Each structure stands twice: as structure tokens, then as C-alpha cells.
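Colleague: Protein chains in written order, with this note's numbering: chain A, 6 to 98; chain B, 9 to 110; chain C, 25 to 234.
FYI, nobody ran anything at the bench for these hints, they're computed from the structure. Quick caveat: nothing in here was measured; it's all calculated off a predicted structure. Here a beta-carbon is modelled for each residue, glycine too, at the ideal position from N, C-alpha and C. A few of these clues could be false.
[To be verified] Quick look at which bits of chain B chain A covers, simulated, 3 or more residues with Cβ under 8 Å:
1. 21-31
2. 45-55
[Said to hold, decoys possible] Which chain B residues stay away from chain A? Per the calculated CB distances, all over 12 Å, these:
3. E17
4. R18
5. E36
6. H37
7. A40
8. D41
9. P73
10. Y76
11. V92
12. K96
13. D105
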Amino acid sequence: MRYRVGERVRVAARAHEGHHRTPGYLKGKTGTIERAHASFPNPETRAYGGDGLPEQPLYLVGFVQRDVWYGYQGRASDRIYADVFEHWLEEAQ
Amino acid sequence: MLGYDRQMERAVHDRGGWPVDAAIDRSEHELADWELLTDALVGALNREGVMNVDELRRGIESMPPDEYERASYYERWLYSLETVLTEKGMLEPGELDRRLGG
Amino acid sequence: MSEHDHDHPPITDGDEPAAAARVRALEELLVAKGTVRREDVRQMIDWLVSRSPADGARLVARAWIDPEFKERLLGDARAAALELGLEPGPSPVVMAVENTPAVHHMVVCTLCSCYPRALLGPPPDWYKSLSYRSRAVSDPRGVLSEFGVELNDNVELRVLDSTADIRYLVIPIRPAGTQEMNEEQLAALVTRDAMIGLAQPVATTPAPVH
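Isolated chain A, as found in the complex (with noise of 0.2 Å):
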């Protein structure tokens, strides 16, 4: 696994034909590794009929929402959180 807990992320800013499990409101977002969980098949080849192999690493990003939102009616504090894969995190700079 590539990342590690407590490393900066970013989310790919990056529009994707076909089935994926990045949402569009943390794509191009900032986050931190919370966890990495194991590796789970491929969602992106599975959903056309493809055996989701290599199977790919997930984490769990942490994100601000103040960071995420423009406008976020909440604390400095609150935060959101997403189980990403891999290939759909950059190392932030």
C-alpha cells in the first residue's frame, strides 16, 4: 500500500466515464489517510463484467469540511469521510 496513515492526499480532480466510487464533491479535495483497509476487487471493471483483479488498495481519507464546501454551516472541526481507492489518490503538495 502506497500510503500511509496521517499522509496528505488529494482526491483526483478527474471526470471518469462509467461506473466509479470516487464522489464528485471530494474529487480535487485535500484529505488525510485515516486507515488503509485491505485491497477489494476493482468496482470499476466489475460493474461490466470483468473479475475486478488486481485488486486495488482502499483507504479511508479524512477531509475538513470547511475544505470541502464552500459555505459549511458547522464547526472548524467537522469532518468528512470516504473510503477511496488508490488510483484515485495523488500525494498532496
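With chain A's structure known, arrange chains B and C on it following the hints.
Modeller: Just chains B and C now, with coordinates in the frame of chain A:
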């Protein structure tokens, strides 16, 4: 109104942060028999290795956006079942309609 | 773009929507073709109706009483469920997260409706609704308010969007005034909504687990 990245095109199922005016409707309903059947059919097909959950989701996401928003939860599942099974050649196009007498 | 605060009830003709006859015909067709067996579908229905929040509540109650079990639950929810004789299912992976006076968790699936069904039963309609899927991530405190949950200012709110193979189960805070309760009584206080993060258990006469 919360801003979200309008440059990123969103598919209709990708709802996080989508503008919503109304309060959340908290009413609930017991699953109807046909809804349980739809759920179970998907589960059985999954277990048989015929259709997996990613294909189910992909099929749902392929609905025309206005249909997706109008449909009930299990109507979306049924749409996906028909779409994906037809694609796999397990249903002939129109076969289900003919069986229903349509 | 039209907005809907709730999935529409199915388009009906009489008592049942068109989808009802359609899915029955589909099942018949698939059984006739040998694509699926009727008994497998029936078994699946039996499994689905057997699922309820009672299993999740048992995990929570045991965690409240037994701190070492709680650590095991947080480390591997599947193994912990098996310990209690529950059926978490082989997949997807379930992960328990703990609410504390400092941290409150809330769960959503913005892309569809992912939910720990094996331990909680079917998700409520609102969880699957377009409006919850939208607002749970962008306005979680507003949503919590609608559900009657007011968090103190110093509580860190963590929303978990179940985007992949992991399903999240919230361990709510054990309510005050429950020191004399046994495990069964505690489990009766744990509601489905509390295990999603949209309610906080209280030490009142237990309501039906819903």
C-alpha cells in the same frame, strides 16, 4: 446555498451536496412482497455468479436521469436487472414485455 | 434539476405498481430458463426478513458492558459478531466506530444506499432518499437537528460516506442512568437510528427497536 465544484460533471446518482430545499421525509414503509422479491432475486443472481453488486449499481446509474429521480428504490433495481441481464444475453430484448402480454 | 426529498412511491395501478407484476414475471422467466432456482430466491427472502437491528443492538450492549469486547468490536466487527453467535455475512466488511463525548459519527451512502444490513436489517426509506444522500455530507448538523440530535459545540462531527466495500456501524454513547441495567435491557435501548448516528439512546422505557 453550498458551493460545490460545478466543473466536475456529476452523474445523477452522485448526490453528495446536491442542492435540496425540502426537509427529509422520515416516513417509512414496510417492504412490499415485490420489493423483497426484487432484492432476493438480485441476491440469488449474485450468489450464482450471474450478476454482481457492481453491475447492479452500474445498471442503476445508467438510467436516464429523469427516470432515476422519478423511480422508487426497487424500481431502479428492477431496471438494472433487466438492463444487465439483457446485456448478458440472459433475457431477450422485449422478452419480458411479451411475457406480460405487452 | 428537479429535487425530491424522498424516493417516489412506485407508480401504481391499483394496489401494486407495474413493477410488481414485472418482477414476478422476471423471476418466472429466469427460473424457467434455469438461470436461478426458486428455492434460492426463497432462501434469500427468508434471510432478508430475518435481519433486524436487534443483532446490532446486541453488539452495542455487549460493548457497553465489556470494554475488552468493545476493543475487539472496534478492531474486527465481523469476528466480534461471530463471538456472539451473530451472522455478519462474509461480505461486505463491517467496521464499528465509537461515539464519545468528544466525537459523533454519522453514516450515509451518497452514491446509492450501502448499509450494514446483516446487522441492522433493511435501511429506512429516508436513508435511501435523495435528500439524505445529499445533505448528510454537506449539512450534517442540519440533518441531525431535524432528527432531534443537538451536539455540543465542542463535539467533532464525523460523517462517513460508505463509498466502497466497508459498512459502518455506530456504537452510540451509553446513556446515563443505566448502571443497574443488564445486557438485555441495555440492548433494548439501542435503536436502529442510533447505530446510523441519527439518534442517541436514552434511559427511558425502551421503545420497539426500529
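Colleague: None of the hints should be skipped; say for each whether it holds.
Modeller: Verification of the supplied hints:
1. 21-31: Holds: 3 residues of the stretch 21-31 of chain B have a Cβ under 8 Å from chain A.
2. 45-55: violated (count 0)
3. E17: 6 Å, violated
4. R18: 4 Å, violated
5. E36: 26 Å, holds
6. H37: Check passes; 27 Å lies beyond 12 Å.
7. A40: The claim stands: A40 (chain B) keeps its Cβ more than 12 Å from every Cβ of chain A (closest is about 28 Å).
8. D41: 29 Å, holds
9. P73: Nearest chain A Cβ is 14 Å from P73 (chain B), so the label holds.
10. Y76: 14 Å, holds
11. V92: Nearest chain A Cβ is 9 Å from V92 (chain B), so the label is violated.
12. K96: 7 Å, violated
13. D105: Holds, since 24 Å exceeds 12 Å.
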